[in-house]
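**Q** So the chains spell out like this:
2 protein chains.
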Amino acid sequence: MNVILLSGGSGKRLWPLSNDIRSKQFIKFFKKPDGAELTDSESDSGYESMVQRVYRQLKAVDPNCMITVATSKSQVSTIHNQLGEDVGISVEPCRRDTFPAIALATAYLHDVQGVSEDEAVVVCPVDPYVNDDYFEAVRRLWELAGSGEANLVLMGIKPTYPSEKYGYIIPTDTAEVSRVSMFKEKPDMPNAWQYIDRGGMWNGGVFAYKISYVLDRAHELIDFADYAELFAKYDTLENISFDYAVAERESDIAVLRFNGEWKDMGTWNTLTEAMEENAVGDVRFSEDCKNVHAINELGIPILAVGLRDVVISASPEGILVSDKEQSSHIKPYVDAIDNQVMFAEKSWGNFQVLDIEEDSMTVKVTLRSGHCMNYHSHEKRDEVWTVVSGSGRTIVDGMEQPVSAGDVIAMAAGCKHTVIADTELQLIEVQLGSEISVKDKHKYELEL
Amino acid sequence: MNVILLSGGSGKRLWPLSNDIRSKQFIKFFKKPDGAELTDSESDSGYESMVQRVYRQLKAVDPNCMITVATSKSQVSTIHNQLGEDVGISVEPCRRDTFPAIALATAYLHDVQGVSEDEAVVVCPVDPYVNDDYFEAVRRLWELAGSGEANLVLMGIKPTYPSEKYGYIIPTDTAEVSRVSMFKEKPDMPNAWQYIDRGGMWNGGVFAYKISYVLDRAHELIDFADYAELFAKYDTLENISFDYAVAERESDIAVLRFNGEWKDMGTWNTLTEAMEENAVGDVRFSEDCKNVHAINELGIPILAVGLRDVVISASPEGILVSDKEQSSHIKPYVDAIDNQVMFAEKSWGNFQVLDIEEDSMTVKVTLRSGHCMNYHSHEKRDEVWTVVSGSGRTIVDGMEQPVSAGDVIAMAAGCKHTVIADTELQLIEVQLGSEISVKDKHKYELEL
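Sequence lines, in order, name chains A and B. Counting in the numbering used here, the final residue of the first sequence is number 754, and the numbers go up one at a time with none missing. Counting in the numbering used here, the final residue of the second sequence is number 754, and the numbers go up one at a time with none missing.
Incorrect hints may have been included.
The list treats identical chains as one, so a pair stands whether inside a single copy or across any two.
Subject to a maximum C-alpha distance of 30 Å in a straight line, what follows is the list of computed DSS-like cross-link-like pairs (lysine-lysine) [as the list claims (entries may be wrong)]:
{"id": "1", "residue 1": "K379", "residue 2": "K337"}
{"id": "2", "residue 1": "K637", "residue 2": "K745"}
{"id": "3", "residue 1": "K652", "residue 2": "K490"}
{"id": "4", "residue 1": "K379", "residue 2": "K747"}
{"id": "5", "residue 1": "K686", "residue 2": "K338"}
{"id": "6", "residue 1": "K365", "residue 2": "K686"}
{"id": "7", "residue 1": "K471", "residue 2": "K596"}
{"id": "8", "residue 1": "K747", "residue 2": "K492"}
{"id": "9", "residue 1": "K652", "residue 2": "K365"}
{"id": "10", "residue 1": "K686", "residue 2": "K464"}
{"id": "11", "residue 1": "K749", "residue 2": "K722"}
Source of the hints: derived by calculation from the structure; they are not laboratory data.
Same shape as in the complex, but just chain A (with noise of 0.2 Å):
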């Protein structure tokens, strides 16, 4: 099976635990299950991200399932983190809407990856909290569309309530499979229960298509000869929805009957109902709470106490304390908040902001065993290394020198440096001067 992964924006509906460079399909929300193997090279926390558990998931349909991500150049490093390096990735130089991300991925798939223009492929968001029978409606879909049911054959998903907020399919009848009559976005309540009433599902953004389809849509609308070439002209294209482009232009769509258990993880509300445990990290809470989760990244504890239908969040970003039926309406506060990334990953590990004052900044910065940081100088500050666990290797102006814990270097700024981890290594970073910036940093080739 070829499944193309949508890993979608940063969004701000998770904050403080997504923020620009962070997004919700990689915090590890999920207890694994027992006997879950692992997918990410870092240390195994118990927990897992929707990322991986959607990867989790499509594997153990079919072990064979070929997998490509679509996303941001920043998420990639995030990507191969916790999935591996095996994982196939569809680079978007700049965000679009889905119908240019699923046209590159498509031709990323035929032209890269040799996939043949026959064969199906399954486009799949990838933060529904479902279980394992829906992989088995995915895998069901790709056959369907694999055998020429009909050029697109997307899932419904059987509603459960008549909600306001999903976009509805309206089939033709009531089988299992059946054609496609209409789609309706997002409508009132009455209108919702009618669409129920004659078999309406909802829209979960799965479909199914042969390569040959979505590249002869997409040779229709761009002019381009091959994936580089769409690839080199990204930032030329039209900002449109798949949905549009295509799904509602189609005469030969056909839709499958999902029964099974579905949620999606947009807000607040929605993820803590997919939460095994009310808790992530050191969090207390009173007997009479009820109805509350907390999840806790910073390296104090949390005590709630009395609370009811509450959701807490605490990350180096900030920290969240909402009802969890408002918390769908945090984003206006999220975004008149100034946020400097105070945490972020990076393909050699990641940082994390321990204090700021007016002329300095202190961060920890852990380096993943034999990975290194990019060569760079600062204009506009000073920074003092001090290592504190872990053996490597820094280059400072071209003097190599074996460092590990309680070695301490001092950079002018100016200075071109980096550090080599030969173990998993992390050191303490005093920056000083008066303008910092992560802009202020210039790259380097190593010349070793």
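Got chain A sorted already, so can you dock chain B onto it with the hints?
**A** This is chain B only, laid out in the frame that chain A set:
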């Protein structure tokens, strides 16, 4: 007027802002009134603590008021930081109940401060939240005791509801100043109603007496010649309350009726009632938050959404989110938290733990201008200082050296070290070792 302020123990009922070494009375919750004189030697934050507020209010009623704080050794430096050097302090060598503490402070007033036996003194707790009329009543109490109205003159607070958690003073009549008929501790609701019907008042723990009166009682119960001797044998004294040892045995006792506003601030619920603003620190509320208070001492924002009757409090010790009514029940949960002290005020400034790893700890140290830490060494850890602001001098194994922002000092285990701040000075201290403990510290005399 002579006043003894009882500045009691640490208490965990206002966790995470109070801890084993920082007590609620030193936390700056309260917006300073415009034009209020600065009593502390720190920079002006616009907020004042309970002890600063009471001190300011006493000085407003009587600018010549002689104030002595009865407290433990661990609070001395914080009291000087907040109230300056002029305040008298009666240091309790160890923790005992109120009778030994008041006897010691009274002997201190007489023997150290030279207050005459015939003068009166008023004892006040440090934690009621009250207006100036309360301090007018305090002065009245002092005058009544000085004029020989009774051996002991208490303040009775007119109850606003039949509380079950306060002690009651039952007078013989309803005059403004009357004799005391009896004391009743924490009655049930029907009895509380009955006491109020009889003109009963809450016992706010404020009382006045002549110095000679308490010294006489003390000599009856304890064998001592003067303050120095009482101080020296303090740890051998019986743990006994002033109420039990003195008030309940005294027949010549009067009560002054106080009709003004009075709030004790023992729990988050009562404390937040006294806050003029809903937030201290970086806090954002959604518009539908009702009766929510938040105090944020962390460098990251708190966002509260859709909450009602909740208090949020965040410090380097931890994060509390509690229903206000339930906030008086946090103690057992706080007791269960293994409390590494993450922040402390010292005579020379303060420190804040930024990060704890298995074999390292990162601390931000702030020294006040003109101060220095003890000259000391550690057996089992190395330390690295990076000065991030200010200037001063380090002394390492006897060698003095000027330092300023950007300087790095590496100190191996065993070496003696200190830093002297010539301006306010901040440094990041990285501690390295497998057995990092606050107990691993040897102090030395500084030989300059």
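**Q** Are the hints correct? Go through all of them and say.
**A** Status of the hints after comparison with the structure:
Taking the shortest alpha-carbon separations for K379 and K337, only the intra-copy value of 28 Å comes in at or below 30 Å, while the best inter-copy value is 48 Å. Proximity of K637 to K745 under the C-alpha cut-off of 30 Å is restricted to the intra-copy arrangement: shortest distance 26 Å within a copy versus 47 Å between copies. For a Cα distance limit of 30 Å, the shortest separation of K652 from K490 qualifies neither inside one copy, at 41 Å, nor across copies, at 66 Å. When the C-alpha separation of K379 and K747 is checked against a cutoff of 30 Å, the pair qualifies only within one copy, where the shortest distance is 19 Å, while the shortest distance between copies is 50 Å.
For the homomeric pair K686 and K338, neither the shortest alpha-carbon distance inside one copy (45 Å) nor that between copies (39 Å) is at most 30 Å. Taking the closest pair of Cα atoms, K365 and K686 never come within 30 Å of each other, the shortest separation being 48 Å inside a single copy and 50 Å across copies. Proximity of K471 to K596 under the C-alpha cut-off of 30 Å is found in both arrangements, the shortest distances being 27 Å within a copy and 28 Å between copies. Taking CA atoms no more than 30 Å apart as the test, K747 paired with K492 passes in neither setting, with 46 Å inside one copy and 66 Å between copies.
For the identical chains of this complex, K652 and K365 are intra-copy neighbours only, at 26 Å inside a copy versus 57 Å across copies, given an alpha-carbon limit of 30 Å. Proximity of K686 and K464 under a CA criterion of 30 Å is satisfied in neither setting, with 58 Å inside one chain copy and 64 Å between copies. Proximity of K749 to K722 under the C-alpha cut-off of 30 Å is restricted to the intra-copy arrangement: shortest distance 9 Å within a copy versus 41 Å between copies.
Against the hints set out earlier in the document, violations occur for numbers 3, 5, 6, 8 and 10.
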